[in-house]
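Once you've looked at the hints, dock chain B against the given chain A.
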Amino acid sequence: MEVPILKQGHYLIASIQSALTDADLSQLREALIERVGRFRARGVIVDVTALDVMDSFAVRTLRDIAHMARLRGAETVIVGIQPEVAFAMVQLGLTLKGVSTALDLEEGLLFLDHQAQLRIERGTGGTGRIDRG
Amino acid sequence: MATKGKDALPPPPDPQALSESTAALLRELVAHLRQNRTQLREEWARRITRAQLLTAMTEEEIFAEATSVYDNYVEALETGTFEALQAYARNLSERIIPRGVETHEVVGIVLLLRDVLARSLFAKYHEDFDKLNRILDAYEPAANRIANTVAVGFVQERERIIRQQQEAIRELSTPVLQVRERLLILPIIGVIDPQRARQLTEQLLRAIRTNRAKVVVIDITGVAAMDSNVANHLVQTVEASRLLGATVIVTGLSPEIAQTLVTIGVDLSEMATVGDLQGGIEEAERLLGYKVLPLEELTPKA
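Here the protein sequences come in this chain order: A and B. Residue 335 is where the first sequence starts when you use my numbering, and the numbers rise one by one after that. Residue 10 is where the second sequence starts when you use my numbering, and the numbers rise one by one after that.
Do not rely on the hints blindly, as some may be mistaken.
[What the hints assert, rightly or not] SDA-like cross-link-like pairs, simulated, lysine to any residue; straight-line CA separation at most 25 Å: (1) K431(A) with A281(B); (2) K140(B) with T31(B); (3) K431(A) with E211(B); (4) K431(A) with K133(B); (5) K431(A) with A206(B); (6) K133(B) with N238(B); (7) K431(A) with N238(B); (8) K431(A) with A33(B); (9) K431(A) with L444(A); (10) K431(A) with V275(B); (11) K133(B) with L121(B); (12) K300(B) with K140(B); (13) K431(A) with N241(B); (14) K431(A) with L296(B); (15) K431(A) with R221(B); (16) K341(A) with Q425(A); (17) K431(A) with L209(B); (18) K341(A) with G407(A); (19) K300(B) with Q449(A); (20) K341(A) with Q451(A); (21) K300(B) with L452(A); (22) K431(A) with V271(B); (23) K300(B) with E455(A); (24) K431(A) with A216(B); (25) K341(A) with T395(A); (26) K300(B) with D447(A); (27) K431(A) with E37(B); (28) K431(A) with T282(B); (29) K431(A) with T256(B); (30) K431(A) with T272(B); (31) K140(B) with A156(B).
[As the list claims (entries may be wrong)] So the derived label-pair ranges between C-beta atoms look like this: (32) V200(B) with A365(A): 46 to 56 Å; (33) T219(B) with L426(A): 22 to 32 Å; (34) G432(A) with L297(B): 16 to 26 Å; (35) D447(A) with Q212(B): 24 to 34 Å; (36) Q425(A) with R169(B): 29 to 39 Å; (37) Q425(A) with E69(B): 50 to 60 Å; (38) Q425(A) with E70(B): 46 to 56 Å; (39) D386(A) with Q208(B): 12 to 22 Å; (40) R394(A) with Q212(B): 21 to 31 Å.
Note that these hints are calculated values from the structure, not bench results. Glycine is no exception: its CB is placed at the ideal position from the N, C-alpha and C atoms.
Bound conformation, chain A alone (with noise of 0.2 Å):
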């Protein structure tokens, strides 16, 4: 089953449909490197909305994308998990520590766009301007 993966402006987008076998979800981790490196993609959102439940080859996936997209610039945002997924993952002990999360969509862009501001500034002393001279 393969995830579809959209491409908007800079960023990539994962829309989960359905469950997923361990086999789909390395597909889809590597679906995501290399499109991230072929589209010089800055962000990646994996909306999980569609699932009911995230064992930890899941949750070690997203962590494993998220870390190899940040190697290659891209910062990454998991979206939509629901609250009976989030419950079962503390629960079990499933952390996605280090990983951006987000309420869904369009907070993830918001996230990703904030997050790409912030480089900005950075890069220029605040002022969000590259003067020369």
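Relative to the frame of chain A, chain B by itself:
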């Protein structure tokens, strides 16, 4: 009967004959108790007062209840069935437990009645030691069973009430409140057991999603004490909220709870805390990009 040595046991009595004679003795006993109802009841009420039992009730109330108990007692002796007595004991307990009557008082008064009736049997049959023994043989098992039934009925009723109160406390949970766009407050009051903690977490996560909250302030000013289980639930709640994209600020930790959390070694690096609710809300507003200013600063002065 053949020759009996001094140490030989008497032959076992015929069961049929025994129950008939027991029945007859019980009937005699019951008749005696009914005949002397008035003075035995009064003697009992006097003993209750002397023993300083049922102090939560007035004398009139004691006398009224004493009458019912006495009649139920005698009827149980007469019929040998205890359902009616059980039902009465439960009913009585339901009425007196809210008045603060304790277990030892209920057991005490039933035993006093047992004593009063036994004494009256001694008085009546003191000249016929053999008959007295047989009457007591009939009376004692029944009286013990009655005392047992009443005490157990009382304790069961108490346990039922305690369970009911626990349910009520659990349902005292406060709703999750939205005080600004994207800002939720969850004030927690009272005792948190693991079940309630779970319920609160589920409620909060659903509210975060429904209200699209970005910041949640959990106030625990009203929580007196916290053990390691509940502390871990709190940490889990904070982490689960983060997975839904919300930041949690915990406010109102008492010195005791702060000490508990540090001593238990709970991982506090992920939990933002502020001293009181006011501070927590101000911090939340700051995170959301709000600033609250007095009106004078906003309207330009003429």
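Going down the list of hints, with the structure as the test:
no., hint, in the structure
1, K431(A) with A281(B), "holds (16 Å)"
2, K140(B) with T31(B), "holds (11 Å)"
3, K431(A) with E211(B), "holds (21 Å)"
4, K431(A) with K133(B), "violated (85 Å)"
5, K431(A) with A206(B), "holds (23 Å)"
6, K133(B) with N238(B), "violated (64 Å)"
7, K431(A) with N238(B), "holds (22 Å)"
8, K431(A) with A33(B), "violated (82 Å)"
9, K431(A) with L444(A), "holds (20 Å)"
10, K431(A) with V275(B), "holds (16 Å)"
11, K133(B) with L121(B), "holds (18 Å)"
12, K300(B) with K140(B), "violated (94 Å)"
13, K431(A) with N241(B), "holds (17 Å)"
14, K431(A) with L296(B), "holds (21 Å)"
15, K431(A) with R221(B), "holds (21 Å)"
16, K341(A) with Q425(A), "violated (34 Å)"
17, K431(A) with L209(B), "holds (23 Å)"
18, K341(A) with G407(A), "holds (16 Å)"
19, K300(B) with Q449(A), "holds (22 Å)"
20, K341(A) with Q451(A), "holds (20 Å)"
21, K300(B) with L452(A), "holds (21 Å)"
22, K431(A) with V271(B), "holds (22 Å)"
23, K300(B) with E455(A), "holds (23 Å)"
24, K431(A) with A216(B), "holds (23 Å)"
25, K341(A) with T395(A), "holds (21 Å)"
26, K300(B) with D447(A), "holds (23 Å)"
27, K431(A) with E37(B), "violated (82 Å)"
28, K431(A) with T282(B), "holds (19 Å)"
29, K431(A) with T256(B), "holds (14 Å)"
30, K431(A) with T272(B), "holds (24 Å)"
31, K140(B) with A156(B), "holds (24 Å)"
32, V200(B) with A365(A): 46 to 56 Å, "holds (51 Å)"
33, T219(B) with L426(A): 22 to 32 Å, "holds (25 Å)"
34, G432(A) with L297(B): 16 to 26 Å, "holds (24 Å)"
35, D447(A) with Q212(B): 24 to 34 Å, "holds (31 Å)"
36, Q425(A) with R169(B): 29 to 39 Å, "holds (32 Å)"
37, Q425(A) with E69(B): 50 to 60 Å, "holds (58 Å)"
38, Q425(A) with E70(B): 46 to 56 Å, "holds (52 Å)"
39, D386(A) with Q208(B): 12 to 22 Å, "holds (20 Å)"
40, R394(A) with Q212(B): 21 to 31 Å, "holds (29 Å)"
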